[in-house]
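Enquirer: Each chain is listed here by its residues.
Number of protein chains: 2
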Amino acid sequence: MINHFCKKPLWDVARTLSAVAGGRTPADTVIRNGRLVNVCTAEIQDGLDIAIVEGRIALVGDASACIGENTKVIDAKGQYISPGFLDAHIHIESSMLSVTEYAKVVVPHGTTGIYPDPHEICNVLGVDGVKCMVEESRSTPLKCMYTMPSCVPAVPGFEDTGSAIGPKEIAEAMQWDEMVGLGEMMNFPGILYCGDHAQDIVAETLKAGKIATGHYSLPETGSGLNAYIASGIRCCHESTRAEDALEKMRRGMYALLREGSAWHDLQEVAKAITEHTVDSRFACLISDDTHPHTLLSKGHLDHILRRALEEKIDPITALQMVTINPAQCFHMDHELGSIAPGKCADIVFLESLETMKVTRVIIDGDIVAENGKMVTEIPAYTYPAWATNSMHVRDAITPETFRVEAPAGAQAVTVRAIEVIPAKVNNLEKHVTLQVRDGLLQGDLEQDVLKAFVFERHHDTGTVGKGFVKGFGIRKGAMASTVAHDAHNLLVVGSNDEDMALAANTLIQCGGGMAVVSEGKVLGCVPLPIAGLMNAKPVEEMSEIVSRLEEAWAQIGCSMPSPFMTMALIPLACLPELRLTNRGLVDCTKFQFVPLIVEE
Amino acid sequence: MINHFCKKPLWDVARTLSAVAGGRTPADTVIRNGRLVNVCTAEIQDGLDIAIVEGRIALVGDASACIGENTKVIDAKGQYISPGFLDAHIHIESSMLSVTEYAKVVVPHGTTGIYPDPHEICNVLGVDGVKCMVEESRSTPLKCMYTMPSCVPAVPGFEDTGSAIGPKEIAEAMQWDEMVGLGEMMNFPGILYCGDHAQDIVAETLKAGKIATGHYSLPETGSGLNAYIASGIRCCHESTRAEDALEKMRRGMYALLREGSAWHDLQEVAKAITEHTVDSRFACLISDDTHPHTLLSKGHLDHILRRALEEKIDPITALQMVTINPAQCFHMDHELGSIAPGKCADIVFLESLETMKVTRVIIDGDIVAENGKMVTEIPAYTYPAWATNSMHVRDAITPETFRVEAPAGAQAVTVRAIEVIPAKVNNLEKHVTLQVRDGLLQGDLEQDVLKAFVFERHHDTGTVGKGFVKGFGIRKGAMASTVAHDAHNLLVVGSNDEDMALAANTLIQCGGGMAVVSEGKVLGCVPLPIAGLMNAKPVEEMSEIVSRLEEAWAQIGCSMPSPFMTMALIPLACLPELRLTNRGLVDCTKFQFVPLIVEE
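From first to last, the protein sequence lines are chains W and H. Under numbering that gives the first Met the number 0, residues 0 to 599 are what the first sequence spells out, in order. Under numbering that gives the first Met the number 0, residues 0 to 599 are what the second sequence spells out, in order.
Some hints here could point you the wrong way.
These stretches of chain H come out as covered by chain W in the derived footprint (C-beta under 8 Å, 3 or more residues) [what the hints assert, rightly or not]: (1) 56-62; (2) 216-223; (3) 271-281; (4) 379-389; (5) 483-496; (6) 506-512; (7) 557-565.
Calculated lysine to aspartate or glutamate pairs in the EDC-like style (CA-CA distance at most 20 Å, straight line) [claimed, not checked]: (8) W:167 with H:11; (9) W:536 with W:11; (10) W:76 with W:365; (11) W:520 with W:365; (12) H:7 with W:195; (13) H:6 with H:376; (14) H:270 with W:42; (15) W:270 with H:127; (16) W:429 with W:447; (17) W:7 with H:199; (18) W:429 with W:418; (19) H:206 with W:11; (20) W:206 with H:11; (21) H:167 with W:11; (22) H:465 with H:586; (23) H:206 with W:176; (24) H:7 with W:199; (25) W:423 with W:288; (26) W:206 with H:177; (27) W:206 with W:176; (28) W:7 with H:177; (29) H:206 with H:219; (30) W:206 with H:447; (31) H:311 with H:353; (32) W:469 with W:418; (33) H:475 with H:447; (34) H:206 with W:177; (35) W:167 with W:219.
Hints were generated in silico from the structure; no laboratory data involved. Ideal placement from N, C-alpha and C gives every residue a C-beta, glycine not left out.
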């Protein structure tokens, strides 16, 4: 695969590299006195210099002859020199940050390349939204090697997204320079049972010679896992048990071991490496979804490396898992993932292998971060107006919008309520009996039952799904969010119609985001004007705003960790048991719409 | 990279694989009771079945549900089941066999794929000759994944080859389906010192997204090796010291550890793995050049695996070095090199890991060899007349042709003679004083000095190089060969002009080959009608004919091992010190022509 994630293609600069290695032309930069983390042979090598020119490594060895008058000589002072870190599976949108701001926060932590799946923006803005992110990436030093979202919509027929992606769109996207493969194929039933749509999407990826990435979350490693891998899907980040990760590696699938903000898989899945004597070349460490607060307080892959060490993974093995292993997974190891002649000079300085503290980051030969801060400017990127104007809710929303009519004459009605479980992705279908007042069904704070509405917001269709949720524990007010997986319609949950209308309208006015209101006041609001998913503000500011939102949740009575995360999954109709989309209540065990009111 | 070395592309059969893995469609073949050599995780796994359909692996696990009425069930009876062996660097022409016959002998030894560099035929017949071999390969089950010869001629300006390859030809060849990369870039000075020709040839390969293979034989691992690797060359089989192989691996270059018929490197280079605690993913085992006798008596990669075990390489590591490692080297690990779902069903049954005895070979799901014999027919391939009619020597050769005139009036003359060294590729320049008779310089059996002539044989140019060689020890007769590296002109060496003429004409009549004659009789002749390099006869017959030739060498007094190999290097003007091409004597330390007669 020819790729475009380096300053210049190797074939254009090979002569210069040879001349520098041969001592006939001075290097741009020489690093001395470092301890090389050699991920090719899994050794630490002392006493080697690294000579860099044209953004690539010309020599690893004695670079005395490569130093000229204008060569920048960096004294590593005994620090460890590692290849730049690569995250093989990441959704930038989860950070709520723009690509620019995401790059600014992760690069100083040692991340030099990521394989993003822009699944969220694609659900809202389609191929054009993906193109915006790709375009924004071009101005950042972070190498964003995109995978094209494979499952938009996630559950066709049960919700309305802003866009739909099929084999044709995939085939086209595979021709883009920045597109290295297919995003996580979540539709594993489609693969297992030979759905044409899912199979064709993978087929178009393979035909283009690119990498299909996976999402196989079943705790089943027999016929299902085999069928899934046999389709040509090369990696998967959904193992939550060590045995699942190990079986994937054994079947030639890259096991991407995840440690995200909300999904802490590593404690368990690290055992695939530590409790078995296996070749670990098929294992990588990845983040998947990370919140601004985690990025700010803990870091990115450096944090996950520290977690790996806590789980007793050997430091060099762990570093291979964020360098050469992901590079080999994506067939890009000829360009990235090791400190070797010809490779891009993407280099991380580490204070020690115990702390994995990153002190300096070089990308394409340029120092881009030092001591935890970017030292290079990234030009601002402005999203087009259609991308920051994504709230297309047809009808004006008022308190009356949230009326739920009861059957004529009923005094009390039993409904299907969605019961959420703190910090879990699955939920439960609970039948609860609600009182009727003035012919209208009411929420019930005593039973911890709230109204929930999902408004289609992409194409002014005016469709709206109505239901009830249980388990948030709030005592007053309302919440709204346009981060509402995967269609990202406008989700509103609340204790009274007035606050629900205020929450909804607050987001409509600010172009999307997350809000908590109570008694006619906005207690917290995270504006996410880019597609209703992201904000171009710096991570420090976003982390602060999100913290205030969490406080607002607590103020109205919810003690759940990251409750907006749990709320955002209410419409995710690919997970059990009961979900609410803009089209209505979905039984996700049978994949059929069900009525709100239980027939008795 | 999309490749064409499987029965059907994965995207065409993925649905069927899923259906078989899911137990809804019966497999074509199921292997049970084997011990899986899992090269992904470096484990032996017992109790796993392998289900195969459409030439690919659908499932590794419990295949009970995949067995239908027509499923062929193979009981492995506790044997080891390994991925098919891959040889990452091989010249088929060295075996003197056609591709068909080469396949017939190596496949029963477990070889399912090779990466041939058809360098020899390209020197004689150019791109069209390479195309013939590629075409012949299509009818064999052996996967021949070609690399395009990079150095034709080997030493431009010092010899006349049948053809010349430049960046344009490389760019074109990279578009062929069967061409996966560039053949060994022997012109390392061209790379190190930025010669446009060599650099452009590598550049065209990289531009096409294909793999450039190397040949870096210097015992220097500093600036030279770095410069060479920095050009984008990915592997090298020329290490003869463990430290050279290890340094290549450390610099991200695949070290192809060689054990050929004549080059026994493994005893030394295996120490790169066995005497250092290193990740061995960058190491492969390869054969480079193998004679028919070695193939017949010892085998191919199975023999090299046994040699690896003798050198204390762990058996699973050794098997990785002929399976997943070469597949990763060529970015083909998504298709080949492991027994995993979706991969080509290229499978070898091994009696034990101690003997590495191959009992059964499956390629693309079909049993192709059992108990050391092919069990499938390969249709005969007929080379076109121009390929079997490659002896284009302009002038009739008679005893008079071999006259070497002395300076007028000289009684004795000191000449530059080429002294060969048994079983070594290098030679020496020796100055010897020869008697003059009738104005003509004579060989001298007392000093072990013979006449040597090289006739251009490709384009009827009539050019001829004349010299003297020393060291063969023959007492009578003459030898001729069209296997005369790398231009493969007609080389004749002998003790008298009559026998030299007979040897030369014997080869002209049979379309090329190797001959030994004495006292007017042909003692041994190996006809190699295909380009003067190969013969379509079976290996048993070829081995027999070559044995008779070796006996003939002994009959006339030569006790060297494989003397025709040593003789074939006399014209190889890229090796030190003195060589004879059709253009004359070449000082290969200074790369200049030198006169036969030493000026005193």
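Enquirer: Under the constraints set out in the numbered hints, which ones does this structure not fulfil?
Expert: Numbers 4, 5, 6, 7, 9, 11, 15, 28, 29, 30, 35 - these are the hints that the structure violates, sorted from lowest upward.
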